[in-house]
Amino acid sequence: MEIEGEHHPLDEYLRADRIPHIWCPGCGLGTVLNGFLHALEETDIDLKNLAIVSGIGCTGRIAGYINVDSYHTTHGRAIPFATGLKLANPKLKVVVISGDGDLFAIGGNHFIHAARRNIDMTVICVNNYNYGMTGGQLGPTTPLESKTTTTPYGNIEHPFNLCHVAHASGAVYVARWTALHARRMKDSIKEALNKKGFSFVEIIASCPTTYGRRNKMPTGLDTMKYYKEKSVIKHGIEPEKADIEIGGEIIVGKFVDIEKPTFNEEVEKLIRRFHK
Amino acid sequence: MRIEFYNGNVASAEGAIHAGCKFFAGYPITPSTEIAEHMALRLPQVGGVFIQMEDELASMAAILGASWGGVKSMTATSGPGFSLMMENIGLGAMTETPCVIVNVQRGGPSTGMPTLVGQADVMQARWGSHGDYEIIALSPSSPQECFDMTIRAFNLAEEYRVPVIILMDESVAHMSEKVMIPDEKDIKLVERKKASVPPSEYLPYKADDFVPEMACAGEGYNVHVTGLTHDEKGYPQATSPEVQEKLVRRLCDKIRENEEKIRDIEEIEMEDAKIALVSFGISARSCKSAMKKARKDGYKVGIIRLKTIWPFPEKYFEEISEKVKKFIVVEINYGQIKLEVERMVGRKKVVLLPKMGGDIHKPEEIYGKIKEVHNGN
Ligand SMILES: Cc1ncc(C[n+]2csc(CCOP(=O)(O)OP(=O)(O)O)c2C)c(N)n1
Ligand code: SF4
Ligand SMILES: [Mg+2]
Chain A
1 MEIEGEHHPL DEYLRADRIP HIWCPGCGLG TVLNGFLHAL EETDIDLKNL
51 AIVSGIGCTG RIAGYINVDS YHTTHGRAIP FATGLKLANP KLKVVVISGD
101 GDLFAIGGNH FIHAARRNID MTVICVNNYN YGMTGGQLGP TTPLESKTTT
151 TPYGNIEHPF NLCHVAHASG AVYVARWTAL HARRMKDSIK EALNKKGFSF
201 VEIIASCPTT YGRRNKMPTG LDTMKYYKEK SVIKHGIEPE KADIEIGGEI
251 IVGKFVDIEK PTFNEEVEKL IRRFHK
Chain B
1 MRIEFYNGNV ASAEGAIHAG CKFFAGYPIT PSTEIAEHMA LRLPQVGGVF
51 IQMEDELASM AAILGASWGG VKSMTATSGP GFSLMMENIG LGAMTETPCV
101 IVNVQRGGPS TGMPTLVGQA DVMQARWGSH GDYEIIALSP SSPQECFDMT
151 IRAFNLAEEY RVPVIILMDE SVAHMSEKVM IPDEKDIKLV ERKKASVPPS
201 EYLPYKADDF VPEMACAGEG YNVHVTGLTH DEKGYPQATS PEVQEKLVRR
251 LCDKIRENEE KIRDIEEIEM EDAKIALVSF GISARSCKSA MKKARKDGYK
301 VGIIRLKTIW PFPEKYFEEI SEKVKKFIVV EINYGQIKLE VERMVGRKKV
351 VLLPKMGGDI HKPEEIYGKI KEVHNGN
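Chains A and B supply the protein sequences, listed in that same order. With the first letter of the first sequence counted as 1, position 2 gets the number 2 in my numbering; the numbers rise by one all the way through. With the first letter of the second sequence counted as 1, position 226 gets the number 226 in my numbering; the numbers rise by one all the way through.
Quick caveat, the hints were computed from the structure, so don't treat them as lab data. Ideal placement from N, C-alpha and C gives every residue a C-beta, glycine not left out. A few of these clues could be false.
As the list claims (entries may be wrong) - Taking lysine to aspartate or glutamate and the EDC-like style, the derived pairs with C-alpha atoms no more than 20 Å apart in a straight line are:
(1) B:288 <-> B:266
(2) A:225 <-> A:238
(3) B:300 <-> B:314
(4) B:206 <-> B:257
(5) B:292 <-> B:365
(6) B:326 <-> B:271
(7) B:326 <-> B:266
(8) B:233 <-> A:11
(9) B:233 <-> A:17
(10) A:48 <-> B:219
(11) A:228 <-> A:187
(12) B:206 <-> A:17
(13) A:48 <-> B:201
(14) B:233 <-> A:12
(15) A:91 <-> B:219
(16) A:234 <-> A:245
(17) B:188 <-> B:159
(18) A:260 <-> A:238
(19) B:288 <-> B:272
(20) A:48 <-> B:159
(21) A:230 <-> A:257
(22) B:323 <-> B:267
(23) B:185 <-> B:201
(24) B:233 <-> B:209
What the hints assert, rightly or not - Here chain B is said to cover these stretches of chain A; the calculated rule only asks that three of the stretch's residues, wherever they fall, bring their Cβ under 8 Å from a Cβ of chain B:
(25) 70 to 77
(26) 88 to 101
(27) 105 to 113
(28) 261 to 274
Okay, chain B solo, but in the shape it has when bound (with noise of 0.2 Å):
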């Protein structure tokens, strides 16, 4: 074990290190160019291979092209290019191809605020790409989850062959704190369900428990990878609505049937809240000194940060609104989680505190709000 000093993105591409990745392409731009940098330095250490492509549509295409020739793969981006990058990762959904994409969201739409901070890419990390899929999403709130929640994105991805996001904004990115370094044995690894079969009798997308065995390119198989709808051998049934629906159901039930398997919340102070503050990434710090506040003034107040994003926990929530009265959403868009947390508890619970970006939250602000709901404003 060892301890270090490192900004977000910097823990992140040490997690990414130590989970095994050995191959990252990326396009330099703020607030995420040190993780490309960092990678670029630390990549030929560990023989592994960086690469700056022409743009954020070559290096998401680069690193699913990486991961079928066998290797954990990465990129790194923000915004503009998080845009860039969406066909490719319907690619990657498509075709169940283990890789991580990290987006440090900044203000937008647009060029909008390059070094300021937003959480607006939420609904995009879900919905960007065409058609009907799963992703997962993690969301880090200290460098110190950068580290273990890049290691964890590459475990979620190997396990369920999708592309996984890690939804990290540029206050998090930017900010530096203490972070534990495990040694290397003290690190949980998933690897890739290899095939299990001989060529002959082996089905590239056939799937008992969801997930099919991969192999990937020079392990003698022999595979087709298409992004056009496929049948369990991987050949193009592109006009088979019975096909598609076999597929589809299951690109999206490996996800939603695991969502509790996936799901990571943190509660505090909830076993007695009536008020529950529904906050992740650098928002859910601003929440804690206000829930801390509120609770010394006698307010009940807790806080449901959310560790993973999607798939979005709606047991979860349909649970917890039984004994919470108020959910306030804390976050720096103009109203997207918010828009999960009213599917799963109704409209009337729900309180948006949002900011369009570029600057968190206040603790003021929030312990406003909760006093504010508390009254029955």
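Next comes chain A alone, as it looks inside the complex (with noise of 0.2 Å):
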């Protein structure tokens, strides 16, 4: 769809054939993307080099509609499909931005052990609470008591704290911000690009369709005010005390920063002593 002398100015970035996008209205993901690309913006990585990598998910569909080689895989095998394609060709700066779900459930064991090995990617983990894709079933972030469908009673499960998970598995770079906090999304995506190693940034973004509806934010508007009012910044904290409750405090901010060979350096070293 285009429209005569309109040009957004991250058409460059976008399948533009591809727009409109799949999403409801109040959906976070659009944020998230917006956020996404103009951090990309402001880095020199060559477009040509980028690699988006999405698993399966409302989140998984932004590989999608951006124009760089992306491959929308399999549910929760974003990572090691990743893997494969970082460590085949290492000149690509690899991206994986998907869902809760995706990265934390179905695919948690993959992410724990990229981040153990310190695999060269970058991970964006859209976190909406629930599955969204498939209508709003309880995820492994779902606050303590939310409505979920297959929740409908309220949620007995204990959510995951994802920062803490990544922290905890070895990530260099932690990162976390709700949808509302655009600037600072970016920024630390930014970071998060330009870092060397497996770096990962969380952004919780609203899902009215699906979870706000049952949990007292029908609209995307609700949400990004209960995040402005819960939402404190915090950087530094051990990821550890940044647990979200519901009706508690988001804390957010930039968590984790810290240097450690990757493991493409270290295969790279293994290489070289064949090859001298």
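Got two chains here, each in a separate frame; can you build the complex from them with the hints?
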């Protein structure tokens, strides 16, 4: 769909022929995509060498809208696919963008091991507290007591604190923002993109259609107001102290930024032993 | 040319190295582990990457990613791990990703007999992932064939852009024999067709002769690759039955229509045979000694050894059934290739000599069956 005479500043990054996207009105995913592309614009990354990998879910559809080499894989397997891509072609900047369920339920094992190995990639998780794509079921980040289609009486499972998981698994960069923090989110994504090793950015984002509606935040705007009221910036805090509870404060900020040799560097060292 | 003494697993790994494989991702499992171990040893020497993943789901996903990163990639496993790979084998078929999967078959189902032989993953190799698709599967009977067929598997994967499965079995994997390694110049390698037009004209899933040209990551083509039903642009069209019809037909037909080119069958003493032993892998070796003895005793028996298992050589069986009276299918399972043979030649002409796993057929059992069939019992 092309509008005569109108040009969006991010057009060069988008597959314009695939817009309009599939996301609902009030969904936080557009904000995340926008933040990601603006972050990209501020880096020196050559788009030719950028590859985006997604799993399955509403968030997983992001890969298909960005005009670079993009891979929409299977549910949970974006990270191992991205691992193969990066190891086969170390020139690539590999970014995984996927949902909370995709990366931390079905794909949780891959997340912790890629972080442990310090595979050189940026992982962006859009945490909308539920499984949007399949209609709003419980996910690994659904707060206690939340109503979802599979927790009709309220969630009785303890959720993951994703930044704590990332930190404990060995990620070299860990940050969390909400979709309300558009500028700070962009800055963190930029830092993560420029970081060598396994970097992780969690973005808490609205899903009015399947989560908000059942949890007293029926519109995107309600969710934004909630984020505004509840978020507290605490840079450098121990990620384990940043648990998320319904109605409680949402601690955001940059939590971890350290240096560590990457898997790729170790592989290169090994290969050099045979090819002097 | 040089001669080595290798077991089937090591021979297969060496075949991969000689085929130009530069990426291996795997998870240890008996009886395939020596392949991973040998690749860990060899890949750094040739500038490649070995990675031990956290499971077989990850291993399969990683080799697909590596293939899109532009290199030849492989994994190796056995039954339980093969089961875990199924979803991403489907992704490989759907996205037309060249890669090689070795499945060293052991006794199943489930954990079954980890250290002993089986041949019961034949149907899983063909039908294991959901939906309609075709793959290629090869079955070696010796370490030499493990080497040769691994090279062929890479060539077929590159030519047809499809996951190719090597259906090895524990006996062949662990038997050591002489393996002739040709000089590099004598090994014929096939490489995937690269995008031949500029990015503005390129359609990643447009195929003139069934197989589209492939543009990998970093080549400047901005390709979108998805497991969703997609059009020639690679864009999702998940609600269009027309796009689905065209895509799935092509994914299947690119293999079906090339069956005769992919086909590899060894016929032994089939010129005048009235009884044919149909077999593959280690079982075909047991057939050989049985056949020799039977021939000596005057029975007109031959062997059809399937080196390519999938796509199944349908036309071949249709034709040969005009002169062969009975087919004895010798396999270490409870009747899998037998179903395929029956489908082509009719149930009345087929006799199964099964084994549930853990042991190979003894030539005397096969000889006994030949006699029985000959005598019309
Ligand atoms: C193996 C497998 N199991 C289940 C599904 C169904 N499924 C699709 S998306 C999804 C959950 C997505 O949730 P999340 O990752 O949080 O993404 P969101 O839609 O919320 O952005 C599920 C369960 C699937 N596609 N594949
Ligand atoms: S279901 Fe939720 S996550 Fe999915 S597009 Fe709609 S609002 Fe966004
Ligand atoms: Mg979600």
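Taking the hints in turn, this is what the structure says about them:
1. Between residue 288 of chain B and residue 266 of chain B the alpha-carbon distance is near 12 Å, which keeps this suggested pair within the 20 Å criterion.
2. With a C-alpha separation of about 26 Å, the suggested pairing of residue 225 of chain A with residue 238 of chain A is violated against the 20 Å cut-off.
3. Between the alpha carbons of residue 300 of chain B and residue 314 of chain B the distance comes to roughly 23 Å, so the proposed pair goes past 20 Å and is violated.
4. Among the hinted pairs, residue 206 of chain B with residue 257 of chain B is consistent with the structure: their alpha-carbon atoms are about 17 Å apart, no more than 20 Å.
5. At roughly 14 Å between alpha-carbon atoms, residue 292 of chain B and residue 365 of chain B fall within 20 Å of each other, so this suggested pair holds.
6. The suggested pairing of residue 326 of chain B with residue 271 of chain B holds, with an alpha-carbon distance near 14 Å, which does not exceed 20 Å.
7. The suggested pairing of residue 326 of chain B with residue 266 of chain B holds, with an alpha-carbon distance near 18 Å, which does not exceed 20 Å.
8. Of the supplied pair hints, the one linking residue 233 of chain B and residue 11 of chain A holds, its CA atoms being roughly 19 Å apart against a limit of 20 Å.
9. At roughly 11 Å between alpha-carbon atoms, residue 233 of chain B and residue 17 of chain A fall within 20 Å of each other, so this suggested pair holds.
10. Of the supplied pair hints, the one linking residue 48 of chain A and residue 219 of chain B holds, its CA atoms being roughly 7 Å apart against a limit of 20 Å.
11. Proposed proximity of residue 228 of chain A and residue 187 of chain A is supported: the alpha carbons are some 19 Å apart, at most 20 Å.
12. Taking the CA atoms of residue 206 of chain B and residue 17 of chain A, the gap is about 18 Å. The hint holds against a cut of 20 Å.
13. A threshold of 20 Å between alpha carbons decides the hint, and for residue 48 of chain A with residue 201 of chain B the separation of about 17 Å falls inside it, so the pair holds.
14. Proposed proximity of residue 233 of chain B and residue 12 of chain A is supported: the alpha carbons are some 18 Å apart, at most 20 Å.
15. The suggested pairing of residue 91 of chain A with residue 219 of chain B holds, with an alpha-carbon distance near 11 Å, which does not exceed 20 Å.
16. For a cut-off of 20 Å, the pair hint linking residue 234 of chain A to residue 245 of chain A stands: about 16 Å separates their Cα positions.
17. A C-alpha spacing of about 13 Å is found between residue 188 of chain B and residue 159 of chain B, which places the hinted pair at or below 20 Å, so the restraint holds.
18. For a cut-off of 20 Å, the pair hint linking residue 260 of chain A to residue 238 of chain A stands: about 19 Å separates their Cα positions.
19. For the hint pairing residue 288 of chain B with residue 272 of chain B, the CA-to-CA distance comes to about 16 Å; that is within 20 Å, so the pair holds.
20. For the suggested pair residue 48 of chain A and residue 159 of chain B, the alpha carbons sit about 26 Å apart, so the restraint of at most 20 Å is broken.
21. As the CA atoms of residue 230 of chain A and residue 257 of chain A are separated by approximately 25 Å, the hinted pair breaks the 20 Å bound.
22. A C-alpha spacing of about 14 Å is found between residue 323 of chain B and residue 267 of chain B, which places the hinted pair at or below 20 Å, so the restraint holds.
23. Of the supplied pair hints, the one linking residue 185 of chain B and residue 201 of chain B is violated, its CA atoms being roughly 36 Å apart against a limit of 20 Å.
24. The suggested pairing of residue 233 of chain B with residue 209 of chain B holds, with an alpha-carbon distance near 17 Å, which does not exceed 20 Å.
25. Judged by the Cβ-Cβ criterion of 8 Å, the region 70 to 77 of chain A is covered by chain B as claimed, because 7 of its residues qualify and three suffice.
26. A count of 4 residues in the region 88 to 101 of chain A with a Cβ less than 8 Å from any Cβ of chain B is obtained; the coverage claim is therefore met, three being the minimum.
27. With 3 residues having a Cβ less than 8 Å from any Cβ of chain B, the region 105 to 113 of chain A passes the three-residue criterion, so the hint holds.
28. Coverage of a stretch by a chain is defined here by at least three residues with a beta carbon nearer than 8 Å to that chain's beta carbons; for the region 261 to 274 of chain A and chain B the count is 6, and the condition holds.
This entry does not satisfy hints 2, 3, 20, 21, 23, going by the numbered hints stated previously.
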